[in-house]
Amino acid sequence: MIQAKTSRAFMSLLRAGLWRRQVDDRAVFPLAPQEWKQVYEMAKRHTVDALVFEGVQTLPEEWQPARTLWMPWVVRVEKISRRNEWMDRCVEEQYAFFSARGIQPVLLKGQGLARYYARPESRVGGDVDWFFRSKQEFEQAIEEVREKGTSVERVAGRSAYYIEEGCEVDMHGRLYDSHNPFAAKYLKRLDKEERGKEQRWDLNTVSVPLLSPVQQSVQVNLHILKHMLAFGVGLRQLCDAACVYAHFQKQWDGESLERLYKKMKLHKWVTALHLLLTQHLGLDEKALPFGSGETGNADWMLEEVLQAGNFGFYDARYGGGSRPEGNVRKNTKKRVWHSFKKHLPYAPWEAFFFPIVHFYTKISK
Amino acid sequence: MRLRDDLILRNVGGEHVIVDPGQDMVDMSKVFTLNATAAFLWQELHGGTFTTERAVSLLMERYEVEETQAQSDVEALLKLFEEQDLLEKE
Numbered sequence: 001m002i003q004a005k006t007s008r009a010f011m012s013l014l015r016a017g018l019w020r021r022q023v024d025d026r027a028v029f030p031l032a033p034q035e036w037k038q039v040y041e042m043a044k045r046h047t048v049d050a051l052v053f054e055g056v057q058t059l060p061e062e063w064q065p066a067r068t069l070w071m072p073w074v075v076r077v078e079k080i081s082r083r084n085e086w087m088d089r090c091v092e093e094q095y096a097f098f099s100a101r102g103i104q105p106v107l108l109k110g111q112g113l114a115r116y117y118a119r120p121e122s123r124v125g126g127d128v129d130w131f132f133r134s135k136q137e138f139e140q141a142i143e144e145v146r147e148k149g150t151s152v153e154r155v156a157g158r159s160a161y162y163i164e165e166g167c168e169v170d171m172h173g174r175l176y177d178s179h180n181p182f183a184a185k186y187l188k189r190l191d192k193e194e195r196g197k198e199q200r201w202d203l204n205t206v207s208v209p210l211l212s213p214v215q216q217s218v219q220v221n222l223h224i225l226k227h228m229l230a231f232g233v234g235l236r237q238l239c240d241a242a243c244v245y246a247h248f249q250k251q252w253d254g255e256s257l258e259r260l261y262k263k264m265k266l267h268k269w270v271t272a273l274h275l276l277l278t279q280h281l282g283l284d285e286k287a288l289p290f291g292s293g294e295t296g297n298a299d300w301m302l303e304e305v306l307q308a309g310n311f312g313f314y315d316a317r318y319g320g321g322s323r324p325e326g327n328v329r330k331n332t333k334k335r336v337w338h339s340f341k342k343h344l345p346y347a348p349w350e351a352f353f354f355p356i357v358h359f360y361t362k363i364s365k
Numbered sequence: 366m367r368l369r370d371d372l373i374l375r376n377v378g379g380e381h382v383i384v385d386p387g388q389d390m391v392d393m394s395k396v397f398t399l400n401a402t403a404a405f406l407w408q409e410l411h412g413g414t415f416t417t418e419r420a421v422s423l424l425m426e427r428y429e430v431e432e433t434q435a436q437s438d439v440e441a442l443l444k445l446f447e448e449q450d451l452l453e454k455e
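Protein chains in written order, with the numbering used here: chain A, 1 to 365; chain B, 366 to 455.
No wet-lab data here; the hints were simulated from the structure. For clarity, every value in this text was computed on a predicted model and none was experimentally measured. From the three backbone atoms N, C-alpha and C, an ideal C-beta is built for every residue, glycine too. A portion of the hints provided could be inaccurate.
Listed below are the simulated SDA-like cross-link pairs for lysine to any residue, each with C-alpha atoms no more than 25 angstroms apart in a straight line [unchecked claim]:
| # | chain 1 | residue 1 | chain 2 | residue 2 |
| --- | --- | --- | --- | --- |
| 1 | A | Lys-79 | B | Gly-387 |
| 2 | A | Lys-37 | B | Arg-375 |
| 3 | A | Lys-79 | B | Arg-375 |
| 4 | A | Lys-44 | B | Val-382 |
| 5 | A | Lys-79 | B | Leu-372 |
| 6 | B | Lys-454 | A | Lys-44 |
Partial list, derived from the structure: chain B residues whose beta carbon lies under 7 angstroms from chain A [as the list claims (entries may be wrong)]:
| # | residue |
| --- | --- |
| 7 | Arg-375 |
| 8 | Ala-403 |
| 9 | Ala-441 |
| 10 | Leu-443 |
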């Protein structure tokens, strides 16, 4: 149970904005100006400012913040919306470029996940992520981008990135952020079972492939875990998980998904995630693929998320508080050790292999 | 004529406010608030070209006012929009 008044207000406004309904924790309102300022700062740190603003607008007028606060806030919201329009155009152009060359990448994260929000324009976008189904397609895509004079940098984990006209594009040869070598065969089997169930996003002149509902959910959840094991993750990614569940409820075999997580030794972690999504983000329990009716609480997980902020950049426990220069986080070893201890009971194999894989990657460079 | 496409009308805290997402810092002295009638016209006319006659007709339908009153109100409002740089430059 969150106690601090501003945290309660913040979460209540987020739930209202995410699901487009009335604020549910009215006991904490009205807020004082300084408390509103804290809510605004939290919303920015977790990159959910547009969603929280939608929640603010459901409050009675006399409870809404002063003009000096909501005016810059509404400008930010409109900028987020405009940026999303621009990023959608980037996705369209990039997919047209690749598909004209016989490459059919799948859109991951970001603009693809925004489709599952009640208002896609409210989701803060970062970069564009493409997944290439084969090594051959991945290498060809890199060559094609280089051929037009754009520099492409390779990074660890079979990925690469480039920047074109201000848009950062990440290219991935691996779909799932799993560091557990024993999980690979289960994920490979999942992909085989999901063939033919891909979704598509009809975006003006192109039809962009998206993952199947099950793959989308597993990909999002493993992505969250990866960042939790590293330096932390903010609420935006948790909202992604909630929206995927809400959008696709009943469209998957819950028992099969539960078996997969049990085989990967992730069932306890996913159960905690489910508790966080239902207890704190307001996801309807009926939308869960399995485990509705679980008791217990995920306060520890929410506390970690609230402390970390967007990708752990704002964690005051490790010298954070504001976005660090050059995005370089402080006290990285301490943070990874803390995450390891926290997550070992819940996701033992991922927690165990994560630092090993990252250490190996560093020394093999 | 045409209202600036880059400006958005938002209703926040009971106020109808014109938002310019292009500004980096919000200059409070340049915040433009509309009354309910002006906000109604903005919503109806935004996103396309329009004539004064069209605006007059909208007011007359919505508020059941005489044409001369509607004409006077529309002219005053459009003059204000022009002075505040809310219209697309022709």
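Tested hints:
Pair hint Lys-79(A) plus Gly-387(B) holds up; C-alpha atoms about 8 angstroms apart against a cutoff of 25 angstroms. The straight-line distance between the Cα atoms of Lys-37(A) and Arg-375(B) is roughly 21 angstroms, inside the 25 angstroms bound, and the hint therefore holds. Under the criterion of a C-alpha separation no larger than 25 angstroms, the hint pairing Lys-79(A) with Arg-375(B) is consistent with the structure, at around 13 angstroms. For a cut-off of 25 angstroms, the pair hint linking Lys-44(A) to Val-382(B) stands: about 22 angstroms separates their Cα positions.
With a C-alpha separation of about 11 angstroms, the suggested pair Lys-79(A) and Leu-372(B) falls inside the 25 angstroms cut-off, and the hint holds. Proximity of Lys-454(B) to Lys-44(A) is assessed by CA-CA distance (about 35 angstroms); at most 25 angstroms being required, the pair is judged violated. Because the closest C-beta pair between Arg-375(B) and chain A is about 5 angstroms apart, less than 7 angstroms, the hint holds. For Ala-403(B), the suggested interface contact is broken, since its CB lies about 18 angstroms from the closest CB of chain A, more than 7 angstroms.
Given the 7 angstroms rule on beta carbons, the hint for Ala-441(B) is violated: about 25 angstroms separates it from the nearest Cβ of chain A. Hint status for Leu-443(B): violated, given a least beta-carbon distance of 24 angstroms to chain A, over 7 angstroms.
Taken one by one, the earlier hints fail for this structure at numbers 6, 8, 9, 10, listed in ascending order.
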